[in-house]
Amino acid sequence: MASLPLIRMGPIDPKRPVVVFDGAISSQMIEHPFREFAAEITFQLQHPQLKKLASEKPPMHFHPHQKEWIQVLEGALGVDVGAESYILTSTDGEFCVRAWEHHRLYPISNTASNVTRFILSGSRTDEKYRLDTLFFSNWYGYQEECYQNEKKYDMVQVLSMFDAGGSYLSLPGWVPFGRTLSMMIGIALGRWIGSVMGYQPFYRKWSFDWERSCDKMETSIFQSRFAIRDKAD
Numbered sequence: 001m002a003s004l005p006l007i008r009m010g011p012i013d014p015k016r017p018v019v020v021f022d023g024a025i026s027s028q029m030i031e032h033p034f035r036e037f038a039a040e041i042t043f044q045l046q047h048p049q050l051k052k053l054a055s056e057k058p059p060m061h062f063h064p065h066q067k068e069w070i071q072v073l074e075g076a077l078g079v080d081v082g083a084e085s086y087i088l089t090s091t092d093g094e095f096c097v098r099a100w101e102h103h104r105l106y107p108i109s110n111t112a113s114n115v116t117r118f119i120l121s122g123s124r125t126d127e128k129y130r131l132d133t134l135f136f137s138n139w140y141g142y143q144e145e146c147y148q149n150e151k152k153y154d155m156v157q158v159l160s161m162f163d164a165g166g167s168y169l170s171l172p173g174w175v176p177f178g179r180t181l182s183m184m185i186g187i188a189l190g191r192w193i194g195s196v197m198g199y200q201p202f203y204r205k206w207s208f209d210w211e212r213s214c215d216k217m218e219t220s221i222f223q224s225r226f227a228i229r230d231k232a233d
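Per our numbering, the very first residue in the sequence shown carries number 1; after that it's consecutive.
Hints listed in this document are in silico derivations from the structure and should not be mistaken for laboratory results. Any given hint might turn out to be false.
[As the list claims (entries may be wrong)] Calculated cross-link-like contacts (lysine-lysine; reagent style DSSO-like; alpha-carbon spacing at most 30 Å):
hint, residue 1, residue 2
1, K205, K216
2, K128, K51
3, K205, K51
4, K57, K67
5, K152, K57
6, K205, K67
7, K216, K151
8, K152, K52
9, K152, K128
10, K51, K152
11, K128, K67
12, K205, K128
13, K57, K151
14, K216, K67
15, K152, K216
16, K151, K205
17, K216, K52
18, K216, K51
19, K51, K67
20, K216, K128
21, K205, K52
22, K52, K128
[Stated by the list, open to error] Cβ-Cβ distance ranges computed for the label pairs, FRET-style:
hint, residue 1, residue 2, range
23, G82, E56, 13 to 21 Å
24, S224, M183, 19 to 27 Å
25, N114, K57, 14 to 22 Å
26, I30, W100, 20 to 28 Å
Just so you know, even glycine gets a beta-carbon here, dropped at the ideal spot from N, CA and C.
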């Protein structure tokens, strides 16, 4: 079967790859019979923008409601889980990150391959705010907008989107009750205060299913005002 063409960020179609950072990263949502979401992600290791992004590791984070699975198809992928670091390749099969575990993943360039390609998927949950295709389309869209306009990330916007994706940034290990405190910050600042300030977790221009985005926002009294189904951004 012929592959669908790559598209730049814009109206999201989950059947087509999303390309961000000038082609450095692409993500294709795929169907999985037992998972909430699944995406095949490709890092172009020789791309100048990826080299810039890979100059430092992304922040640690955790998901209280979902497990994540990582399966490398090509190249190598670094995964930090708590204090442990792993380098995964195609011989390792699926690697599971359990709910509540601090983790991050990043490309490894010292391999014979010029790409890192892997499948990222997550467990199903009844939680309204969870890792799913809506979160990823909005998160990729926001990152691409920042890149194209040379803007720094707005931390309130990041917290709003992460909270809607059932994700929370990890605090330093010495902080007491770090996971609970991180969730409280994400909900209070990202969902409550951020909404009063006008920050949305989902935007029509990045949501392939605006109706479902509205359904999610309507579950919060703070965000329900953004769920205008005929809204034009």
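Checked hints:
no.: 1; hint: K205 with K216; verdict: holds, 16 Å
no.: 2; hint: K128 with K51; verdict: violated, 35 Å
no.: 3; hint: K205 with K51; verdict: holds, 28 Å
no.: 4; hint: K57 with K67; verdict: holds, 21 Å
no.: 5; hint: K152 with K57; verdict: holds, 17 Å
no.: 6; hint: K205 with K67; verdict: holds, 29 Å
no.: 7; hint: K216 with K151; verdict: holds, 28 Å
no.: 8; hint: K152 with K52; verdict: holds, 15 Å
no.: 9; hint: K152 with K128; verdict: holds, 29 Å
no.: 10; hint: K51 with K152; verdict: holds, 18 Å
no.: 11; hint: K128 with K67; verdict: holds, 16 Å
no.: 12; hint: K205 with K128; verdict: holds, 21 Å
no.: 13; hint: K57 with K151; verdict: holds, 19 Å
no.: 14; hint: K216 with K67; verdict: holds, 21 Å
no.: 15; hint: K152 with K216; verdict: holds, 27 Å
no.: 16; hint: K151 with K205; verdict: holds, 18 Å
no.: 17; hint: K216 with K52; verdict: violated, 35 Å
no.: 18; hint: K216 with K51; verdict: violated, 36 Å
no.: 19; hint: K51 with K67; verdict: holds, 29 Å
no.: 20; hint: K216 with K128; verdict: holds, 6 Å
no.: 21; hint: K205 with K52; verdict: holds, 27 Å
no.: 22; hint: K52 with K128; verdict: violated, 35 Å
no.: 23; hint: G82 with E56: 13 to 21 Å; verdict: holds, 19 Å
no.: 24; hint: S224 with M183: 19 to 27 Å; verdict: holds, 21 Å
no.: 25; hint: N114 with K57: 14 to 22 Å; verdict: holds, 21 Å
no.: 26; hint: I30 with W100: 20 to 28 Å; verdict: holds, 26 Å
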